[in-house]
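Number of protein chains: 4
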Amino acid sequence: MKTETEWAELCGLLPSWLEASRQQAAYGKPASYIPELAHAPADALGVTIMAPDGQKISAGECGHAFTLQSISKVFTLLLALMDQGEEGVFRKVGMEPTGDDFNSMLKLELVEPGIPFNPLINAGAIVISSLIRGKTPEEKTERILTFFRTIAGDASLTYNQAVYASESATAHRNRSLAYFLKDNRVLEEDVEEVLDVYFKHCSIEVNCHHIARMALVLALNGKEPDTGRELIPRRYVQIAKSFMITCGMYNASGEFAIRVGLPAKSGVAGGILALVPGKYGIGVVGPALNDKGNSVAGVHLLQTMSEACDWSIF
Amino acid sequence: MKTETEWAELCGLLPSWLEASRQQAAYGKPASYIPELAHAPADALGVTIMAPDGQKISAGECGHAFTLQSISKVFTLLLALMDQGEEGVFRKVGMEPTGDDFNSMLKLELVEPGIPFNPLINAGAIVISSLIRGKTPEEKTERILTFFRTIAGDASLTYNQAVYASESATAHRNRSLAYFLKDNRVLEEDVEEVLDVYFKHCSIEVNCHHIARMALVLALNGKEPDTGRELIPRRYVQIAKSFMITCGMYNASGEFAIRVGLPAKSGVAGGILALVPGKYGIGVVGPALNDKGNSVAGVHLLQTMSEACDWSIF
Amino acid sequence: MKTETEWAELCGLLPSWLEASRQQAAYGKPASYIPELAHAPADALGVTIMAPDGQKISAGECGHAFTLQSISKVFTLLLALMDQGEEGVFRKVGMEPTGDDFNSMLKLELVEPGIPFNPLINAGAIVISSLIRGKTPEEKTERILTFFRTIAGDASLTYNQAVYASESATAHRNRSLAYFLKDNRVLEEDVEEVLDVYFKHCSIEVNCHHIARMALVLALNGKEPDTGRELIPRRYVQIAKSFMITCGMYNASGEFAIRVGLPAKSGVAGGILALVPGKYGIGVVGPALNDKGNSVAGVHLLQTMSEACDWSIF
Amino acid sequence: MKTETEWAELCGLLPSWLEASRQQAAYGKPASYIPELAHAPADALGVTIMAPDGQKISAGECGHAFTLQSISKVFTLLLALMDQGEEGVFRKVGMEPTGDDFNSMLKLELVEPGIPFNPLINAGAIVISSLIRGKTPEEKTERILTFFRTIAGDASLTYNQAVYASESATAHRNRSLAYFLKDNRVLEEDVEEVLDVYFKHCSIEVNCHHIARMALVLALNGKEPDTGRELIPRRYVQIAKSFMITCGMYNASGEFAIRVGLPAKSGVAGGILALVPGKYGIGVVGPALNDKGNSVAGVHLLQTMSEACDWSIF
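Chains as they are written, first to last, in our numbering: chain X, 1 to 314; chain L, 1 to 314; chain D, 1 to 314; chain F, 1 to 314.
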């Protein structure tokens, strides 16, 4: 549980920690492969920490709007688990980290039976999009939005049209992945329809408060902070947290586990969702990315906080 | 040049050689990945040998109609060379055998700069389709058909609608390859438009006489047999023959060079185009394929002929 | 901390859980690539749970002697960290799971700069062996033995000569890995000398009590159970536990994190070391392995216990 | 057959062609991975063309001494074929180009059954060394030397001690390959003994005259130029020439087939052996290599000659 001492320390030190971490942004740069993302302010850095009692500490550009991108994969996985059960999901995606790039096709081609290694790489997340219940892509997207709004505690959450359009127009590699999966019979639906669902949930626009709230729900094992109501079965949250440790930070997940030690998921718009089990939800945004695709300043800030407060789960 | 003795020997022995090779068909089976191809008669085997003076020897089901499939890649390469020149073509495709499957994406992902290793694997042939001159896919297809009709000496040559429709509906792996190339900026055109051109030239329907004639044009360094008129510049034929030796028989090209020693190209409908430089064009069809994708009986027959007549270019 | 209720439940149920898990042994078989290991009794299954107060519960063939094999890699990593510090170790090995087989060379060849992805795959563990302080292989081995004896609480611990000889004589793949690393200049020492150290620590012979004690030291963050004395700095134990979660169970680490949720390390002799942080050290042995190289019955037993007692760290 | 016109033209033009090609050496540099090779003069370029009647044309540093390196692989293959027959050889090595680097292990790990793809990559050539008849490494080496002396027409041919020692001391990658093959049970002999044979035949020292003579024997289908005596069965020469076209110039074999069109084999000391079937044997040396491992100036010179004289076999 949150202790008053720790909370006071965080309140006092967060601003200076943030400014120190902001220096790190110079070592990265915003993602350029989705044209719309390249416009993000490279040296922005924002953070929000949310406690179960509703208290929040924020610093920096915590109101900066950005799109979830890969962070959304954690929650579509959860929704797919709620829709299809463990067996339904793990018939189509594996449970293992890959060591390859997030958009790699190597293991799909080299390792039988050609299902994605895990649900947090692109190939896996595309399959997960196909497992969301709904008769049409619109219905699936609607159900995803409803679920995300509940978790984020904001009924107005929606996707950013410009980013969605930009992704959809340029996502040739994702189309390539999807057709490969279709050829392997892992993806059974129409490729463009599945991708439409995928692009839209990647384009959902949030700020640090939203992802701190989303993280807090996971930190509380699926319970709504204010009401204690179960939003997600605990078992599925456990699965999500395991994946966040083993594959949440792309090909730097192992290093993040060692240096920070918290379940987390990053996105190429610069967001990182992290959680301290039972204690806090954390939302960070810093658009300048390192070569692994994670926010440079964001990772630095999380490491500073985790070390200072001894948060590692290990 | 054709000698009368050899011709007489071929006339006399071809029928028995063909029946001996037909036994081999039992060790293979027709391609199944394009549904329409799976219906082909597994034990059919036909051959036509055409000499520069217009004489032909045929045996077996030489009139059996089948689609060119990968055999077409040799001629779209030639047309692309005539349309864009060597430099224009080799800026987009390499010159090297890969050792990987014909539809593999490994080297596109692993080897910089992500252009296809050669024009006879699927990735390369799709890029070649995009290099054919023409404002629309229809115009490109029309120019390809016109070129193929001239080479085959049959103005009625056209593509098989059912096979084309079957390929187009099921070619998810080719779509995956094409989008990968688009992402690598090797393919600049609209993916579906390029694939439409590709599927159509793969679906051009021929029999053994047609491919014997097509092979004979190459055997004569691009000259039309009857008239001596240059249909293809000799330099481009030289390039095509080099590729046929190094990559013409999928991942068994090295073995074919050793055992048969003739420039050749096979297709998954069971056809093989082979040529004895300066002497003969040969068309073979046998739908039962080995695990490398080549006609089992067809390869056996070509080996029998090449050994008996000492045709190897090596 | 250990609760009396839980302890009593474990005492009561462990024998029947063990017998149920023993059935699973039929779905695996002992490792055969080291001849000496193939003789192990396929349906043996033993377990020891050790609490900080020195109490133990055991069931099955918990006295069965077996060699540590890959379990030793966790402790040579710890000793290397104590000898060289974090920086000295992570200059030579990475922190990421690979998704490839434990003896794979793919990433060494494909991913710059050619250092092993992590210290728990063979390539990484061989490099770790080279980082242990000591002027000669004998001195390194002696220091490893001394360290392992302290952790296991048994001054008579030593390596099994027959297994060591069997490994050394047949470990061509490990030699191949080591020379590859030498070529990449990651390994600077003499290959055979490093391998001698590696083979010997893999051949250290233990039973379930030993690995339960070794696990307990990790569960207590490096403290000796009886005395509270620091045997290993806590930070290094944290690093080791992170690796055990992300890469401890070969290519089934992700699945184990989801299904069991405990830091663990398996070896091909059928041993598994697992720990419940702050509470228990667990040693399991069951020589019949699944296709990922983990004890089938052992994993089943750990999953049964973890689910029943809600031990997952996630 | 050699024509007097062509011969006269070659005599006249070769010196100026050579000087033009020598400029190209600036775009490459001598191999550095074997220390002893790095000392070679970067801008040296020499050539010898030998005709069946014994006449020779030379230009540049044709007397420069260099080691055969990979050129030797063609002749150990031939000796292995003479010792074991086709079946004995092709049970252990394949016939296909790989598209991977000459010292790559990828296909050994990824493609069943783990035999080298062809005898001209390092893995294949090491296996070939093991197939040479002889009770001891010394006897094998002696038999190789005797064979090479006969082909080169120089009874004093021997290996360069300094290069051999340098290779043997630094060839960790080759050791890695060899132990991998041993693990796959493709290599049955003692690894160091096989490598000793391999390093020695790679270190045989020659000049352009020697390799022109060796090439001429192949150009004459295995016959000794002066006597017409069969030194190598024609069938085996045919096999060797096929491999030289499909895999003789490392990963630029396809391009060389298109641009030069002659059976050839290069070595990292800068030598290239090439042949015009029935007409000439050619020896070239130019130590500055391009990034594929072939002599830059040497390839340029061969292309100049082949184009001017229309030598391509295609």
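Mixed in with the good hints, there may be bad ones.
You can't tell identical chains apart in this list, so a pair holds if it fits in one copy or across any two.
Unchecked claim - Mimicking SDA-like on lysine to any residue, the simulated pairs with C-alpha atoms at most 20 Å apart in a straight line are:
| no. | residue 1 | residue 2 |
| --- | --- | --- |
| 1 | Lys279 | Leu13 |
| 2 | Lys279 | Ser312 |
| 3 | Lys2 | Ala42 |
| 4 | Lys223 | Gly153 |
| 5 | Lys92 | Ala42 |
| 6 | Lys2 | Ala65 |
| 7 | Lys2 | Pro41 |
| 8 | Lys107 | Lys292 |
| 9 | Lys107 | Glu230 |
| 10 | Lys29 | Gly278 |
| 11 | Lys223 | Asp43 |
| 12 | Lys135 | Arg235 |
| 13 | Lys29 | Gln84 |
| 14 | Lys292 | Leu110 |
| 15 | Lys135 | Phe102 |
| 16 | Lys107 | Arg229 |
| 17 | Lys29 | Gln55 |
| 18 | Lys2 | Asp196 |
| 19 | Lys2 | Arg149 |
| 20 | Lys2 | Gly222 |
| 21 | Lys223 | Phe314 |
| 22 | Lys279 | Phe314 |
| 23 | Lys292 | Val111 |
| 24 | Lys223 | Asp310 |
| 25 | Lys92 | Trp17 |
| 26 | Lys92 | Ala252 |
| 27 | Lys223 | Gln24 |
| 28 | Lys92 | Gly222 |
It should be emphasised that the hints constitute simulated quantities derived from the structure, not laboratory data.
Being a predicted model, the structure only gives us computed values, none of them experimental.
Consistency of the hints with the structure:
In this assembly of identical chains, Lys279 and Leu13 lie within 20 Å of each other by CA distance solely inside one copy; the values are 18 Å within and 33 Å between copies. Taking CA atoms no more than 20 Å apart as the test, Lys279 paired with Ser312 passes in both settings, with 12 Å inside one copy and 17 Å between copies. Taking CA atoms no more than 20 Å apart as the test, Lys2 paired with Ala42 passes in neither setting, with 33 Å inside one copy and 49 Å between copies. Proximity of Lys223 and Gly153 under a CA criterion of 20 Å is satisfied intra-copy only: 12 Å inside one chain copy versus 44 Å between copies.
In the homo-oligomer, the alpha carbons of Lys92 and Ala42 never lie at most 20 Å apart, since the shortest distance is 37 Å inside one protomer and 32 Å across protomers. When the C-alpha separation of Lys2 and Ala65 is checked against a cutoff of 20 Å, the pair qualifies neither within a copy, at 28 Å, nor between copies, at 46 Å. Taking the shortest Cα distances, Lys2 and Pro41 never come within 20 Å of each other, neither inside one copy (33 Å) nor across copies (51 Å). In this homomeric assembly, Lys107 and Lys292 come within 20 Å of each other (Cα to Cα) both inside a single copy, at 19 Å, and across copies, at 16 Å.
In this assembly of identical chains, Lys107 and Glu230 lie within 20 Å of each other by CA distance neither inside one copy nor across copies; the values are 37 Å within and 43 Å between. Taking the shortest Cα distances, Lys29 and Gly278 never come within 20 Å of each other, neither inside one copy (33 Å) nor across copies (41 Å). For the homomeric pair Lys223 and Asp43, neither the shortest alpha-carbon distance inside one copy (34 Å) nor that between copies (43 Å) is at most 20 Å. For the homomeric pair Lys135 and Arg235, neither the shortest alpha-carbon distance inside one copy (27 Å) nor that between copies (51 Å) is at most 20 Å.
Neither within a single protomer nor between protomers do Lys29 and Gln84 lie at most 20 Å apart by alpha-carbon distance, with minima of 38 Å and 33 Å respectively. In this assembly of identical chains, the alpha carbons of Lys292 and Leu110 lie at most 20 Å apart only when taken from different copies (16 Å versus 23 Å within one copy). In the homo-oligomer, the alpha carbons of Lys135 and Phe102 never lie at most 20 Å apart, since the shortest distance is 29 Å inside one protomer and 37 Å across protomers. For the identical chains of this complex, Lys107 and Arg229 are neighbours neither inside a copy (40 Å) nor across copies (46 Å), given an alpha-carbon limit of 20 Å.
Proximity of Lys29 and Gln55 under a CA criterion of 20 Å is satisfied in neither setting, with 32 Å inside one chain copy and 55 Å between copies. When the C-alpha separation of Lys2 and Asp196 is checked against a cutoff of 20 Å, the pair qualifies neither within a copy, at 40 Å, nor between copies, at 51 Å. Taking CA atoms no more than 20 Å apart as the test, Lys2 paired with Arg149 passes in neither setting, with 25 Å inside one copy and 40 Å between copies. With identical chains, the CA atoms of Lys2 and Gly222 are at most 20 Å apart within one copy only, with a shortest distance of 18 Å there and 26 Å across copies.
In this homomeric assembly, Lys223 and Phe314 come within 20 Å of each other (Cα to Cα) only across copies, at 15 Å, whereas the closest approach inside a single copy is 24 Å. In this assembly of identical chains, Lys279 and Phe314 lie within 20 Å of each other by CA distance both inside one copy and across copies; the values are 16 Å within and 13 Å between. Taking the shortest Cα distances, Lys292 and Val111 sit within 20 Å of each other only across copies (13 Å), while inside one copy they are farther apart (23 Å). With identical chains, the CA atoms of Lys223 and Asp310 are at most 20 Å apart between copies only, with a shortest distance of 18 Å across copies and 24 Å within one.
In this assembly of identical chains, Lys92 and Trp17 lie within 20 Å of each other by CA distance neither inside one copy nor across copies; the values are 42 Å within and 31 Å between. For the identical chains of this complex, Lys92 and Ala252 are inter-copy neighbours only, at 16 Å across copies versus 25 Å inside a copy, given an alpha-carbon limit of 20 Å. Taking the shortest Cα distances, Lys223 and Gln24 never come within 20 Å of each other, neither inside one copy (35 Å) nor across copies (36 Å). In this assembly of identical chains, the alpha carbons of Lys92 and Gly222 never lie at most 20 Å apart, being 24 Å within a copy and 40 Å across copies at closest.
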